[in-house]
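Trainee: So you can see what is in the structure, the chains are spelled out below.
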Amino acid sequence: EAQVTQNPRYLITVTGKKLTVTCSQNMNHEYMSWYRQDPGLGLRQIYYSMNVEVTDKGDVPEGYKVSRKEKRNFPLILESPSPNQTSLYFCASSLSRMNEKLFFGSGTQLSVL
Amino acid sequence: SQQGEEDPQALSIQEGENATMNCSYKTSINNLQWYRQNSGRGLVHLILIRSNEREKHSGRLRVTLDTSKKSSSLLITASRAADTASYFCATVLIQGAQKLVFGQGTRLTINP
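First to last, the sequence lines map onto chains A and B. Our numbering puts the first residue of the first sequence at 1, with every later residue one more than the last. Our numbering puts the first residue of the second sequence at 1, with every later residue one more than the last.
Everything labelled a hint here was simulated from the structure, so no lab data went into it. Wrong hints could be hidden among the right ones.
[Claimed, not checked] Calculated cross-link-like contacts (lysine-lysine; reagent style BS3-like; alpha-carbon spacing at most 30 Å):
#1 K99/B / K69/A
#2 K18/A / K56/B
#3 K65/A / K99/B
#4 K99/B / K69/B
#5 K70/B / K101/A
#6 K69/B / K101/A
#7 K99/B / K18/A
Bear in mind that the values here come from a model prediction, so they are computed numbers and not experimental data.
Given the sequences, and given the hints that come with them, work out the whole structure.
Mentor: Structure (structure tokens):
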């Protein structure tokens, strides 16, 4: 089944403890992206990747890192999480360009205490 | 402010009625997409309409695009309880990074 898989689904952590949210897609998509969703602010793009080893900042990249070593995987790294990074995170992918139909993962609800 | 803004923010109707949601945007677009999100879950792509198209259909969904008014509407006919969700429009600007910019969404509730 074609899908974008994110893990974990829920995560509670403490300020400053490094964490990684994994994202994997099995559709051979070139484009992958991370969003965060907050009440009243909608979906905001954090980082995106046009292909392997090609990443770029979105609208709210501060405090986040990403890597794209393989086409299928696009992990989101929080080196030193802070409470303002408490949010619902989504990974998404599309076949070849950022303006095409996006496939979303199920989301990761992160709470930073 | 958001490129795409949905209206209304919330809509509650009876099962079987039609639901109409609107999206307005500010600058010229390449295409406009509608997505559905069930509570706390990932967004699901519903339909894409390009700037040179005026109307598209998919099952019970009808999307219109009026580029002169910079607006789009999503019509769901014969609504069902399972249509209860948030609906987002997303626009792709002609200029700039060519990325999807999401609106804040319309929360649709279908009452049985």
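Trainee: Does each hint fit the structure? Answer for all of them.
Mentor: Tested hints:
{"no.": "1", "hint": "K99/B / K69/A", "in the structure": "22 Å, holds"}
{"no.": "2", "hint": "K18/A / K56/B", "in the structure": "46 Å, violated"}
{"no.": "3", "hint": "K65/A / K99/B", "in the structure": "19 Å, holds"}
{"no.": "4", "hint": "K99/B / K69/B", "in the structure": "21 Å, holds"}
{"no.": "5", "hint": "K70/B / K101/A", "in the structure": "21 Å, holds"}
{"no.": "6", "hint": "K69/B / K101/A", "in the structure": "24 Å, holds"}
{"no.": "7", "hint": "K99/B / K18/A", "in the structure": "29 Å, holds"}
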